[in-house]
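According to this note's numbering, the stretch in the sequence shown is residues 6 to 260, in order.
Keep in mind the hints are simulated off the structure, nothing from the lab.
On a predicted model such as this, the values are computed, not experimentally measured, just so you know.
Distance ranges between label pairs, derived from CB positions: (1) P203 <-> Q167: 23 to 31 Å; (2) E180 <-> N41: 35 to 43 Å; (3) E61 <-> P203: 22 to 30 Å; (4) E55 <-> C172: 36 to 44 Å; (5) K253 <-> G201: 40 to 48 Å; (6) H158 <-> S187: 18 to 26 Å; (7) N75 <-> Q167: 37 to 45 Å; (8) N219 <-> P169: 13 to 21 Å; (9) P169 <-> R46: 40 to 48 Å; (10) Q156 <-> D190: 21 to 29 Å; (11) Q43 <-> Q156: 21 to 29 Å.
The beta-carbon is built from N, C-alpha and C at its ideal position, and this holds for glycine as well.
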Amino acid sequence: MMVFAHQDDEVVALGARLGKFGSAHFVHVTDGAPRNEQDSRRHGFSTPAEYHNARENELADVLRAAALGNVSRECLRVPDQEASFTLAALTRTIERILRQHRPEVVFTHPYEGGHPDHDACAFAVHHAVELRPIPERPLIVEGTFYHAGPQGHQTGSFLTAQHPVPCTEFRLTPEERRRKQSLLDLFTTQRETLRGFPLEYERFRIAPRYDFRNPPHAPPVLYDNYPWGMTSHEFVELAREAEIMLSKRVLAECH
Numbered sequence: 006m007m008v009f010a011h012q013d014d015e016v017v018a019l020g021a022r023l024g025k026f027g028s029a030h031f032v033h034v035t036d037g038a039p040r041n042e043q044d045s046r047r048h049g050f051s052t053p054a055e056y057h058n059a060r061e062n063e064l065a066d067v068l069r070a071a072a073l074g075n076v077s078r079e080c081l082r083v084p085d086q087e088a089s090f091t092l093a094a095l096t097r098t099i100e101r102i103l104r105q106h107r108p109e110v111v112f113t114h115p116y117e118g119g120h121p122d123h124d125a126c127a128f129a130v131h132h133a134v135e136l137r138p139i140p141e142r143p144l145i146v147e148g149t150f151y152h153a154g155p156q157g158h159q160t161g162s163f164l165t166a167q168h169p170v171p172c173t174e175f176r177l178t179p180e181e182r183r184r185k186q187s188l189l190d191l192f193t194t195q196r197e198t199l200r201g202f203p204l205e206y207e208r209f210r211i212a213p214r215y216d217f218r219n220p221p222h223a224p225p226v227l228y229d230n231y232p233w234g235m236t237s238h239e240f241v242e243l244a245r246e247a248e249i250m251l252s253k254r255v256l257a258e259c260h
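From just these sequences and the hints, can you work out the full model?
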């Protein structure tokens, strides 16, 4: 199963081998269109709904190009930049989807402070997996996205985990690079954003355990520097509240 925040994250993470996942279930958490309309207007759309439809059409084109036109998928339609406000509900939704599809592996985002929706996905997947019975818990595998680095925006690498976890790197052949670039090019509304990701390799690791009650590294995290509707301080407060809500549900079910 794939659980990603935005339409295009699946190609950033594993576009060179995307066509191998015909039996996967794809979940996109957000609609890709912030309600503040700044992104919509910047990309030439008069409303967030038009922008969302354009991003959905781009995703459909990408999946067809990867021979995944009929793949199982759903969009949870959380407004872009607002997934952090729905952490407990998002966790319960992901847990329901896990229960329905029973995947062995879930690909998702690391908790790195790159984008608040990415961190919300990481929270929801980790907590949803913990809500499943131990024999039914899938392995969580992360791809690389972006986070704060010495030069600002750092892409294509993981933050160092507190405890070492298995990590692997696939060097892309010229054909794989061409294939991935051709898929990225189909996201025409995101062309500028996607330009900064490396094409030489794709990296993955088994997800470490995270403490979502604390920022992934000493602030400021990357999104503290951008007007994306969330700060690292606000995120960890929301994470603490969501964990309390989820623990109460578990206790209620046990009784």
